[in-house]
Amino acid sequence: MEIAAGETVALRGGNGAGKTTLLRCLAAITHPTRGEVWWFGQPAYGDPALRRHVGMVAHESRLYPHLTLRENLLFAGRMYGIDHPAQRADQLLADVGLAEHAERLPTHVSRGMAQRVAVARALVHEPPILLLDEPFAGLDAEGQAWLTHTLVTMREAGCAICFTTHDEAQVDQLADRTWELRCGRLYELATVLPYDRPRRRELAHAA
Amino acid sequence: MAAFWWIVHKDLVSEFRSRRVWPAMLLLGIVVALVFSLQVELLAEQKQQIVGGLLWLSVFFAGAMVFDRSFAAERDEGCWDGLKLLPVSPGAVFLAKWTVNVLALAALESLLIPLFFVLSDLPLAAHAWQLALIAALASPGLAAVGTLVSGLATGGGKGGNGLVLVVLPLVIPVLLAAAECTRLAVAQQIDEAWWRWLQLLGVFAIVFITAGTLLFEYAIED
Amino acid sequence: MVSRLRTYCAESCLAVLMAGAILAACLLAPTESTMGHAQRIIYVHVPVAWLGLVGFLVMAGSGLAYLSRRNLAWDHWFQAAGELGWLCCGLTLATGSLWAHEAWGTWWEWDPRLTTAFILWAVYSGVLLVRAGIDDPHRRARVGAVLAVLGALDVPLVVMATRWFRGLHPATPEMAPWMRLTLLICVAAFTVFFAWLANRRREQLELDSRWVHLRQDS
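Here the protein sequences come in this chain order: A, B and C. Take the first sequence: its position 204, counting from 1, is numbered 204 in my numbering, and each next residue is one higher. Every position in the second sequence, counted from 1, becomes a number in my numbering once 1000 is added. Every position in the third sequence, counted from 1, becomes a number in my numbering once 2000 is added.
In short, the hints are calculated from the structure, not lab data. Please note that the accuracy of each hint is not assured.
If we take Cβ atoms under 10 Å as the criterion, some of the chain A residues that face chain B in the derived model are [claimed, not checked]:
1) R24
2) I29
3) D47
4) P48
5) V54
6) G55
7) M56
8) A58
9) P65
10) E71
11) M79
12) Y80
13) G81
Just so you have them, the derived chain C footprint on chain B, three or more residues with Cβ under 8 Å [claimed, not checked]:
14) 1145-1152
15) 1172-1182
16) 1194-1200
17) 1205-1212
All C-beta atoms, glycine included, are put in the ideal place defined by N, C-alpha and C.
Bound-form chain A, shown alone (with noise of 0.2 Å):
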């Protein structure tokens, strides 16, 4: 399996299929029984510094409850060592709209708010790697349309993403490719055809 630079494939599944666990083995964040990872022609478990290739949106916010979420979106800039992380944080916020709410803690903001600012904590670095597990979830609208436009313009900027969804028309609107789980076994499904495209468009729209 190969996930080009600037390409974008969606992961479908069933509930229990294995999205997770699959993206948290390309995150290396979790052994596979067989088989290896490589990033950019690296082995995954190898060199920590590596990971910083890696930007990964889970099911949980991954923030921490007692840090507010600008102090969230600093110490993660600080551990991934880019240069002025204070100008960073507050420039994420002020992208996903919370700018006012920078010094709540994230027991005290809603699930979406917490979620948009765990994918701000996801861009931080501006990873050439980006793995999201289901991260239209818990999004309103707006949010949506900005993640959305946030993941388009990261693969113009030549970014490899992975994500997983139930959505038909987040994978038509953002995946080149699809994989697909099923019985413990990836498969790919076949590339939608230019022809298809405008036809599966229009009837979101009639909907």
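Got chain A sorted already, so can you dock chains B and C onto it with the hints?
Using the frame of chain A, we list chains B and C on its own:
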């Protein structure tokens, strides 16, 4: 190096704001110390013999709470996975967690040592520097074992409960050495034997801090 | 057929060796002057104490081998050595207790060696107990390996601490030549028996593991 300090800073800030672990640890230490003192009605010379053992047992039981909880904050909201995603070596994470645990033990000992001496009616000021030295050498070793074993427990769900069973036998050399050092200090026998016990504390600390730094990567693997 | 014959011959030799050791302990070794026949406990106590320590070292070595190779075969050696080592440690404490009762009139004495054996037994128990609570074989192997390495690093420090705690440990008493020979025979016989048992247990664990794989695949 910077990553190490930021993790320590993050943990201390979180603990300061949540006050989830340290107050409970201090309270447990006080309760254990009082229970030990209540049970023991001895002559002054006998108290001198056992105050070291009781003190360091109290430190261990209260400290075990800190070790267990040192990763508890990371288990909230998937933060542990978030930490594993960061470009920081497992050894640096271990040393950061270890540092926070050593600070917690230092806070605990700064409360329990005076408390024990007051309850045992023994002079503290006369032995202050010896006790400070014993605490400074014992805490790193205790914290190293506790941090590594807690990291093992955090790595997965099952099997974590029995890990406390393993910690006590592993730290017996530290508890024994610290207790003996304290007993000799109280009896004002700062002799070759006292320095030998101190050396054991130092060796234990060096061995287990090194082992923890090298093994932590395997402990937290998923 | 040939390998079965070879196994049969090897196991027969082992049986003869163990029988020889027991006979030597009962008949060959002279009766000790102060403790009488009770002293013969030493011909079991010393071998099992030695094997308790050997078992731990094998456990730690297998653990390190697993961490570097990630081959579960090493974990089977780990489990086999761990179980037998735990048993030997337990026997050390039991026989040591019997010996203490005959020699010192008390069932237990914080003798450095007994104390070390007790701590070792506690570490063994903890490691095996923790492993028993983990289902995933690789996680079980990894956790066990880390704990065993910690324990192995701890053992020399425990020995030093317990010796200093009780002052100089009792010097090894002078033994009559036949006693020393008997002791050596017993140590050798028990060591071979331990190795054979460990290998059998390892084979059993490997078969179990293959059975689980077959069941999962089908």
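State the violated hints by number, sorted upward, taking the hints as numbered earlier in the document. none
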